[in-house]
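The listed protein sequences correspond, in order, to chains A and B.
For the first sequence, counting from 1, position 46 maps to 281 in the working numbering; every step adds exactly one.
For the second sequence, counting from 1, position 82 maps to 1191 in the working numbering; every step adds exactly one.
What the hints contain is simulated information worked out from the structure, not anything from laboratory work.
Every residue gets a Cβ at the ideal spot worked out from N, C-alpha and C, and that includes glycine.
There's no promise every hint is true.
DSSO-like cross-link-like pairs, simulated, lysine-lysine; straight-line CA separation at most 30 Å [to be verified]:
| id | chain 1 | residue 1 | chain 2 | residue 2 |
| --- | --- | --- | --- | --- |
| 1 | B | Lys1189 | B | Lys1356 |
| 2 | B | Lys1356 | B | Lys1331 |
| 3 | A | Lys501 | B | Lys1189 |
| 4 | B | Lys1277 | A | Lys595 |
| 5 | B | Lys1189 | B | Lys1277 |
| 6 | A | Lys398 | A | Lys473 |
| 7 | B | Lys1315 | A | Lys426 |
| 8 | A | Lys501 | B | Lys1357 |
| 9 | B | Lys1208 | A | Lys426 |
| 10 | B | Lys1208 | B | Lys1331 |
| 11 | A | Lys477 | A | Lys426 |
| 12 | A | Lys398 | A | Lys477 |
| 13 | A | Lys426 | B | Lys1368 |
| 14 | A | Lys290 | A | Lys473 |
| 15 | A | Lys461 | A | Lys293 |
| 16 | B | Lys1315 | B | Lys1347 |
| 17 | B | Lys1357 | A | Lys426 |
| 18 | A | Lys375 | A | Lys398 |
| 19 | B | Lys1189 | A | Lys595 |
| 20 | B | Lys1357 | B | Lys1189 |
| 21 | A | Lys461 | A | Lys290 |
| 22 | B | Lys1315 | B | Lys1331 |
| 23 | B | Lys1356 | A | Lys501 |
| 24 | A | Lys293 | A | Lys473 |
| 25 | A | Lys426 | A | Lys293 |
| 26 | A | Lys398 | A | Lys293 |
| 27 | A | Lys426 | B | Lys1356 |
| 28 | B | Lys1331 | B | Lys1189 |
Footprint (simulated), chain B over chain A, 3 or more residues, beta carbon under 8 Å [said to hold, decoys possible]:
| id | segment |
| --- | --- |
| 29 | 250–259 |
| 30 | 398–410 |
| 31 | 547–558 |
| 32 | 581–593 |
Listed below, chain by chain, are the residues.
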Amino acid sequence: MDAVNGTATMLISNYVFPNDLHVHWSMMIVLYPYITGLVDGAFIIAALYYLFDIKSLKPLARFSLLFALAFLCCATLPLLLHLGRPERNLNMLLTPSPSSAMAGFGYIYAVSMGVLVFIVLFVYRPDLVVLRDTSKGLLKLLYRAITFDSRDLSTYSLALDRKIIRFLVGIGIPIAAVLHGYVGFIFGGVKAIPTWSTPLMPVIFLFSACLSGISAIILAYIVIRKITGRSIDSDCIKTCIKTLTLFFILAFAFEMLEVFSHSYLKSGYHHMVEGLLNGPLASSFWLWQVKICSVIPLVILGVMAFFRMGRAMYHFWAAVVSAILLLQVLIMRWNVVIGGQLMSKSARGYTEFHPQWFDKEGILAVIIVMAIPFMILFVLSRIFPFWTPDNETTVT
Amino acid sequence: MKILDPSPKMNRRSFVKNVLNGTIAGSLYLVWPMGGDSLEIPEQIPGIRDTAYDIHNQAFVFIVDITRCIGCGSCCVADKREYNVPDGNYRTWVERYVKGFSDQIYVDCPNGGLDGYQHPRTDIDEDIRDTFFVPKLCNMCREAPCVQVCPVGATFISPDGFVLVDEKRCVGCAYCIQACPYSVRFLNPVTRVVEKCTWCYHRVRKGLLPACVEVCPTGARKFGSMRDDTSEVYNILKGPGVLTVLKKEMGTWPALYYKGARREVV
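Construct all of the structure, not just a fragment, from the sequences and the given hints.
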């Protein structure tokens, strides 16, 4: 609490600029990077299989794509709920201001969506052709449409499919990286807010995005397979956990590096950052983000990496650590988005934020927005089967 | 002896006619927009009305003289009335700074200074070294971060140097609110678009001073054109006096200058 008692904080007398009392970017802007992060992470799993040939990820590859698609469909929802004039949202696409980081979102989003949809269609094409013959009515029509009325399953066409998929996933990786790195830059490009204004922000957002997406895939896979009474592929989970560990170490290291830099450099508004982390964010940052949701998973992942444990136990801890890390990223987004705005630009005080239940950007709206991707995922599962039958046989 | 003729010289018809004419003339007098036309008010910024407005060749400057501000809040009231600013939001405000002998700074701004500072602070438990008021308003940055970040170009710099918001284009994303280092922007809860001080652009174009400048009883707020070498702002900027800008390190190059601002002013 040096910030409050020490000489550096002579400036703090808790004065907040009159217009700073209100937090303008609230929970929907916490959700927005969270959802795009889930998309990115899920896409990474698919990319590891389709582009880098990590064979053990095969059981999850198709599911990851659908998971990414379901969440990408809802990525704009929080933004629309947040805008003061949502009916004017197309202005961003029609008359974008080239100097604005935010103006690029529509285009990057549209390209991501296009690439992901085509990857899904090409990956599923052999299945869709078969399903087309076994289905009736509207569903048959739908299958005809999404296979572009092609029944060609010749060796040549399937080989071509594989090439197209590799190409699309190849360009999908930089697009996914740009999508989320760019979301980080939206914050990193605001020089008026000391905790946002760092070139590390896009990097931190990118790694934490991969972290949350991979965690979500692991958790969803284990939960869905358990609920539906199917076996869990241990090799696949192990590869995922190893990848997760890598991204978690990177994300956590950069998050801590940013705090350390502020603390060590003591430049500009460091007294405000210090006061923020030790004051209004003391609980959500140090206790929840760092101690509970980062140090504990680090220990669990260490144990999982260095000690032998039974398959059931490994799956259990994989699910637990994924759940904690999902929470870690959500809290991290909260601490960045809300935390940054708690510091008044007067550099003399902090405002408060109390979430409302029934507000347009309130807790209920958050729950609904987070539930919709799962509904979409359910609908997608009726059209695109999550699991291939050979998954069942390859389970060890 | 002259006998006055008691009989009226006007017959009934002409009397009714006159009454009717008078009524119509009186009614017209009442409804005619006399005095409501701002152009009837004498010009306050010389050179705006009598020549064609060259929008590309203007340089307006706003100077706040902290040593003159008495914290009466008249400027805040004038601004709120000019724009019907919703309660709790401020296009301009006045802060009260109190500096103790320990170098501790105490700042407050109850209700944006709208009520004026009529009573001293009683919650400060040390000897006061200095106290002063700091009016705040849009800095009209030449390198405006709000303009840079606006995704739809709703916030722009006009050719005559004013940072303005097109309320018909604004999507209400509030990115500019985050980007403004001076927190002069807010989301209007009624229109749901962003609003901020414009230095009363609509008045300036008619040769009138900004509302807050006009009502300031002590001349703490000064506005004028650098193209007019008789203006007060021209002579202040030409002179040797020290002027500062807020948050210089942000690289925003404000057109709003402060005279007599202590280094503690943020």
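Legend entry - Lys461/A paired with Lys293/A [C-alpha distance capped at 30 Å]: Holds. Lys461/A to Lys293/A sits at ~18 Å (cutoff 30 Å).
Legend entry - Lys1356/B paired with Lys501/A [C-alpha distance capped at 30 Å]: At roughly 18 Å apart (the allowed maximum being 30 Å), Lys501/A and Lys1356/B satisfy the hint.
Inset, instruction - Quickly compare the C-alpha distance for Lys398/A and Lys473/A to 30 Å and report which way the hint goes. - result: Distance of about 28 Å is within 30 Å: holds.
Inset, instruction - With a cut-off of 30 Å on the C-alpha distance, tell me whether Lys1315/B and Lys1331/B pass. - result: holds (17 Å)
Inset, instruction - Please work out if Lys461/A and Lys290/A have their alpha carbons no farther apart than 30 Å. - result: holds (22 Å)
Inset, instruction - Measure nothing beyond the straight line between the CA atoms of Lys1315/B and Lys1347/B; if it is 30 Å or shorter, mark the hint as holding. - result: holds (26 Å)
Inset, instruction - Starting from Lys1331/B, check that the Cα of Lys1189/B is at most 30 Å away, please. - result: OK: Lys1331/B and Lys1189/B at ~19 Å, within 30 Å.
Legend entry - Holds or violated: Lys426/A to Lys1368/B, with C-alpha atoms at most 30 Å apart: holds (26 Å)
Legend entry - Given pair status - Lys1356/B, Lys426/A, alpha carbons within 30 Å: holds (12 Å)
Inset, instruction - Three residues minimum, CB to CB under 8 Å: does the segment 581–593 of chain A make the cut for coverage by chain B? Let me know. - result: holds (count 3)
Inset, instruction - Please work out if Lys1277/B and Lys595/A have their alpha carbons no farther apart than 30 Å. - result: Holds, at roughly 22 Å.
Inset, instruction - Given the hint that Lys290/A pairs with Lys473/A, test it: the Cα-Cα distance must not exceed 30 Å. - result: holds (12 Å)
Comparing the model with each earlier hint shows violations of hints 3, 7, 11, 25, 30, 31; every other hint is respected.
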